[in-house]
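Asks: These protein sequence lines map, in sequence, to chains A and B. Residues in the first sequence are numbered from 1 upward in steps of one, following the numbering used here. Residues in the second sequence are numbered from 367 upward in steps of one, following the numbering used here.
Source of the hints: derived by calculation from the structure; they are not laboratory data. In this text, all values refer to a predicted model and were calculated from it rather than measured experimentally. Glycine included, every Cβ here is placed at the ideal spot set by N, Cα and C. A hint or two may mislead.
What follows is a set of in silico ranges between Cβ atoms, one per label pair, in the way DEER data are often shown [what the hints assert, rightly or not]: (1) A:A366 - B:L705: 22 to 30 Å; (2) B:Q519 - A:A295: 51 to 59 Å; (3) B:H711 - A:P190: 51 to 59 Å; (4) A:A264 - B:Q519: 30 to 38 Å; (5) A:D296 - B:D416: 34 to 42 Å; (6) B:S498 - A:D296: 38 to 46 Å; (7) B:P564 - A:A295: 46 to 54 Å; (8) B:A390 - A:A317: 55 to 63 Å; (9) B:S498 - A:P333: 31 to 39 Å; (10) B:R385 - A:S129: 35 to 43 Å.
Below, computed lysine-lysine pairings styled on DSS-like, alpha-carbon distance capped at 27 Å [what the hints assert, rightly or not]: (11) B:K635 - A:K364; (12) B:K443 - B:K467; (13) B:K396 - B:K467; (14) A:K364 - B:K396; (15) B:K404 - B:K443; (16) B:K443 - B:K666.
Partial selection, computed: residues in chain B whose CB lies under 8 Å from chain A [unchecked claim]: (17) R625; (18) V626; (19) P627; (20) R645; (21) L657; (22) R664; (23) Q672; (24) R738; (25) N739; (26) L746; (27) G747; (28) L748.
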Amino acid sequence: MSAISPEDRAAMRESFARLLASDHTEARMRATTASPAGFDRSLWGKVGEMGLLAVLVAEENGGLGAGMREMGELFEEAGKALYTAPLLESAVIATSLLALSADAEARARLLSAMAAGETIAIPALTGDSGTWDAAGVAVEAAGDLLSGHAAYVNHAASADVLLVAAREGAGVALYEVAPATDGVTLTPQPANDPSLRLSRINFEGAAARRIEGADAAVIRAALDRGRVAQAGEQAGGSRHVLDMTVAYMLGRYQFGRPIGSYQALKHMAADLLVEVESALSAARHAAAAMDDGSADAVQLVSLAGFACADAYVEVTAQAIQMHGGIAYTTEYPLHLYWRRARSLAQMLGSSGAFCEQYLGEWEKAA
Amino acid sequence: MTGAATQATATNDVEREVRAWLAANWDADKRCEKGTDKLDAKGWLTRVRDAGYAVPTWSPEWFGRDFSSAEARLVDKAFREVRAPGTGQDRSNLGAVTVYKQGSDELKAAHLPGMLLGMRGCLLYSEPSAGSDLAGVRTRAERNGDEFVVNGQKIWTSSAREADYGMLLARTDWDVPKHSGLTFFILPMRQPGVEIRPLNQITGESEFNEVFLTDARVPAANIVGREHGGWQVLQTALAYERLIMGEGASQRGGTKVSRVPEVIAVARKTGRIGDPAMRQRIAQQLAWRQLNELNMRRAKEEIRAQGSSSLMSLGKLAMSRIQHGEARLRSEMLGAEGLLDDAAHPEARDANFDSAKAYMNSIGGGTDQIQRNIISERILGLPREQEADRTIPFRDVKSG
Ligand SMILES: Cc1cc2nc3c(=O)[nH]c(=O)nc-3n(C[C@H](O)[C@H](O)[C@H](O)COP(=O)(O)OP(=O)(O)OC[C@H]3O[C@@H](n4cnc5c(N)ncnc54)[C@H](O)[C@@H]3O)c2cc1C
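For reference, chain B alone in the conformation it holds in the complex:
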């Protein structure tokens, strides 16, 4: 039998297995566990986890099934068909992925079981004086017996108020160059030393926050990777975050996914669909989105064939022109109606919202400029940016 045929049989088996499991366990009409009337989220996630579907590509030792990514997509598809939550956490659960990839067995045993049951995390990376230059964080973590005491300020922390834990990047050694003195922790968020103040965003939301850490405590056992080895751990976490952004899930809550692309829907509604110049721009926007999808498809093929793909690093940058471009085009087609912003004018409201939200992709998770630095250096092999502070003890680094 050829390799392709073996694979096809295996994927059919996976599909059959997952469907059968869902049929036995999930009530698609009531959207809860079979035999109950209301979703018990934690109970359901426990079942999904224990069946190996929460993180199907992981090893069986850690709740996985050793599935290929193609097989995992089949699991995903079967879950989506009956609108059951809980799978795909090997891609979407940033905290769990980071612990799985970089944590010790003890850390995995302590945190993965809970992380896969809907615990919420936040990213405590950025600070007022360390944004793009994350290796410059000044939040200090000092050892005190079996725990660390944390002092400093984080900013732009999305979902901090809802979070059970924070993925914290803090400085543990000030006498070495900046990349070498960082440690990555899992910080319990619900404790007296953590004070959170919401920030108002240009989208009208306030999902990100300032987080003040004053003698906050974190067990030494919660270090991910090595003490002072936080920079490497951060690279893993950032790579996953960018991957997720590069696939461009809709950023707007509540709007149902439609088969008609929004640029076409708005063009039809406003009559601009008949404008030849506008049609060229609409086609260009649709093309950018489809080209990114084709790149990601090719990336997955390359990963299957050779284990990795540099194409994965392009998605987030490509997504910026897609999101900014589409929102701007829709606003332009709406014309004066775009001035309005209420429930009676949903297209206008959405275009206004998306015009602001697009910056989440082009600033958050590393700006477009930082992405271009990374692509040109790591993929194209061009020289690194010169950094005045790369080799001096962090204590002597200027900030502002």
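Isolated chain A (complex conformation):
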């Protein structure tokens, strides 16, 4: 049960939306996206002051003790405004890794600083294969020394702390690593989506601290929270791109009338609305199922995993077509959403894998 009432949730969403409208205008978004870190530290601080980084942190660690319902709605707003920063990485996945672990010391030391926006923790959970499952982990732990590599680690260069999945015998465990530790090398991985700051990290006998009680199940649960947050971003981004497209269709005239009066485009827009609303339903119901610990939570998370990813890719891809040449220019912001949609569709697992998992859940139930 969430410690936050629906009214408070709505108020929080509202203030986040207002903050983004004032401090994350398109011009600011473009400037910060082009900066080396890829995000604005002072805005990150304000986001922290609002309590948004504390949503998933328990009250005893200085957080709000709220859940994915709240986080999901905030991500809808982030999606609309293309606000990325390490929100997914630090405030959702890393926070959840620690919160779900059995390591009270690490929680006490890290979570309140993360919730306040002072410490950024970045998860490094998969190798070059990018499967984001136990089989994809490519780091070995020997005692408290790590060797191997992690890939597609977003915002690694901004990390104060890395949380690294490593093989440990037959299982997988989690280690805390300071980025400046000897034997840790970051190599940037240039990405198509300008909002990303990916790195490949090499570990050569790097000293690490084991996080107690953070096994493969905990890592997976933390990733699932990331997936649900991401589904919120995908749904919110889809909604915004459709709204943008409809507005453009009303203002752009060809053959003496708005292009929005042409049935070919109207019908595309109607179909996209089905995608947008379905994505929103999938994201919200997955979040609720997760918070409530419902029996169908895994099924709904996997459904959101592909339905929201596919919807965002479809909506942004069609939106470019519906705009025409203007959307083929970098000045027009649509391509940024489209790139984000394409990159999110590969982040934390692929649609194909979620489809497989989803059908597996159906097979169990029937």
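Mind docking chain B with the ligand on chain A? Use the hints.
Replies: Then chain B with the ligand, alone, in the frame of chain A:
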């Protein structure tokens, strides 16, 4: 006490009340009224109606209980548990809903009591030259004292042969633009001026018909809404019809509902469940169906919170890809067996049937294209389709 807690208490009370009522009145084993041996349908429906369970969300003045839709769902659930018929007519009984929403008190008093007791209706809307463009109907109704005389032809009329009454859209004024000269009537079907010819459908059924109206009579008192105000009444009736279709009740009679989705059952039977490419498509089909259900759940929450939800308009369109897609996938998995069509091959027969029946959703009640027009115009606010005949007197409209 918080609002949510009050509501929870109220819903528990409803559930308890309905269960007790059913226990006292319904024999679940014999499936008839307690103390009898055979179902007297009309007698049972009368009891349900008079207890307020036929249309629980309606006002007490008109057989209802002022229940919320959540409470009505509890009534529904209790009735389903003991397989008792008669509730939920505030959603499913199109004729009664239209009269309740749009009719005068006199009309309600005259028709609702009977309509809630199993009278059957049919929809006399489509004509040979007016399908999607329903405002173009040419069936004429002319006043003659206290009644109207009706002449014209309707087509695709489902269940016309079984119907007691028809919901008739007819033209009463030819000198005004097409939307303004229509009137909506409740036409008694069992009369000499109504001739019905069945049509054979691609499903193998023949549930729809041509209906020829030759000097058929309808009392002026049977007008729903205003004379010449039929277009508005039709909008209410169509909205309900589409709502029902959007929830996608099974279209195939007789097959019992199973917990295993048919795409999975067929995939298991044919061994295609192990085919990775096929598994992706099966998952996609299941997802479309579940997403529609989640949309409808969210719609109900929105309706509870703010009175309406635009999500409701998406269900029927979404249902088309669900029904066409599932039927096609099942056919494909069956392979050559899908060529066969007899009782020894029920999966093949069902897949063949459903492949045809899916068009009922994508054509009937307004085609997918018309649904897309409606969604883009009424929800997204895009410009209306240009209509060459929208503003001219109907008399001058071309047809073909
Ligand atoms: C199983 C079934 C049961 C039915 N039961 C009933 C019933 O009980 N009572 C009743 O009155 N009717 C009934 N109908 C009729 C149904 O409502 C009509 O068939 C439907 O509205 C389409 O009309 P039409 O067949 O004349 O096609 P048309 O309107 O001629 O359409 C032909 C094609 O043109 C397209 N089209 C038409 N106008 C436009 C436009 N403005 N923009 C884009 N595309 C357009 C349509 O989408 C379609 O693809 C039933 C139909 C079916 C299939």
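Asks: Next, verify each hint and record whether it holds.
Replies: Results of checking the hints against the structure:
no.	hint	result
1	A:A366 - B:L705: 22 to 30 Å	holds, 28 Å
2	B:Q519 - A:A295: 51 to 59 Å	holds, 55 Å
3	B:H711 - A:P190: 51 to 59 Å	holds, 57 Å
4	A:A264 - B:Q519: 30 to 38 Å	holds, 34 Å
5	A:D296 - B:D416: 34 to 42 Å	holds, 40 Å
6	B:S498 - A:D296: 38 to 46 Å	holds, 39 Å
7	B:P564 - A:A295: 46 to 54 Å	holds, 48 Å
8	B:A390 - A:A317: 55 to 63 Å	holds, 60 Å
9	B:S498 - A:P333: 31 to 39 Å	holds, 38 Å
10	B:R385 - A:S129: 35 to 43 Å	violated, 56 Å
11	B:K635 - A:K364	holds, 16 Å
12	B:K443 - B:K467	holds, 25 Å
13	B:K396 - B:K467	violated, 36 Å
14	A:K364 - B:K396	violated, 35 Å
15	B:K404 - B:K443	holds, 23 Å
16	B:K443 - B:K666	holds, 17 Å
17	R625	holds, 5 Å
18	V626	holds, 4 Å
19	P627	holds, 7 Å
20	R645	holds, 5 Å
21	L657	holds, 4 Å
22	R664	holds, 5 Å
23	Q672	violated, 13 Å
24	R738	holds, 4 Å
25	N739	holds, 7 Å
26	L746	holds, 5 Å
27	G747	holds, 7 Å
28	L748	holds, 4 Å
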